[in-house]
Amino acid sequence: MSIITKRGDDGDTDAMYGGRLSKNAPGVVACGDVDELNAALGLLRVSGISTEIIEQIDTIQGHLVALMGLLSVPPEKRAKYLADGFPSVEVKDVEWLEGVAVEMPTKFDGWARPGASGGEPAARMDMARTICRRAERSAWLVEDVSQDACRFLNRLSDVLWLWARKLESEAQA
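The opening residue of the sequence shown carries number 15 in the working numbering; numbering runs sequentially from there.
The reader is advised that the hints may include incorrect statements.
Unchecked claim - Cross-link-like lysine-lysine pairs, in silico, DSBU-like; alpha carbons within 30 angstroms at most: (1) 94 with 20; (2) 180 with 91; (3) 37 with 91.
The hints are simulated quantities; they were obtained by calculation from the structure and are not laboratory data.
Based on the sequences and whatever the hints tell you, model everything.
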C-alpha cells in the first residue's frame with residue numbers, strides 16, 4: 015500500500031473515529047507543531063548530548079506522541095479517545111518536568127543568545143524551545159484541550175531553556 019493517498023489534496027485530513035478535518039483546524043495545527051517539536055528533540059538525541067538528557071528526552075517524546083493523539087481527535091470524540099485507553103498528558107507528567115527543572119542550576123546572567131557560546135547542541139536546544147512555545151500557543155487554541163497538556167508544554171519550554179544554558183556552560187568549561 016502506498017503512503018500517497020491524495021486524500022489530503024483538498025486541504026482536509028482524516029480524523030480518528032471517522033470524519034475529516036481542515037488542515038487549518040486548531041487541533042491539526044497544534045498536532046503539527048508538536049510533531050515538529052518531537053522531530054527537533056530527535057535531532058538533539060543524536061547531537062552528542064549526555065545520556066541523562068537523552069533518556070529524559072525519550073520520556074518527553076513519549077508524552078508528545080500522546081499529546082499529538084489527544085490534539086488530533088475532534089473535541090466531540092476526545093472522551094471516547096480517552097475511554098478507549100489512549101494515553102494523555104496528565105498532571106503527574108507536568109510535575110515530572112517540574113522535578114527535572116528543579117534539579118538544574120538556575121543562576122544565569124543576562125539574556126540568552128542562542129548559538130553565541132554553547133555550540134550546536136545548545137543552539138538546537140534553543141530551537142526546540144522556540145518550537146515548544148509555538149506548540150503551546152497552538153494547543154491553547156484547541157477547543158476543550160486538557161490544561162495539563164498545555165501546562166506540560168509550558169514546563170517543557172522551561173526545561174529546554176535550562177538545558178540550553180547547561181549545554182552552554184559545559185561547552186565553555
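Each hint tested on the structure:
no.: 1; hint: 94 with 20; result: 28 angstroms, holds
no.: 2; hint: 180 with 91; result: 41 angstroms, violated
no.: 3; hint: 37 with 91; result: 18 angstroms, holds
In terms of the numbered hints stated before, the structure departs from hint 2 and from no other.
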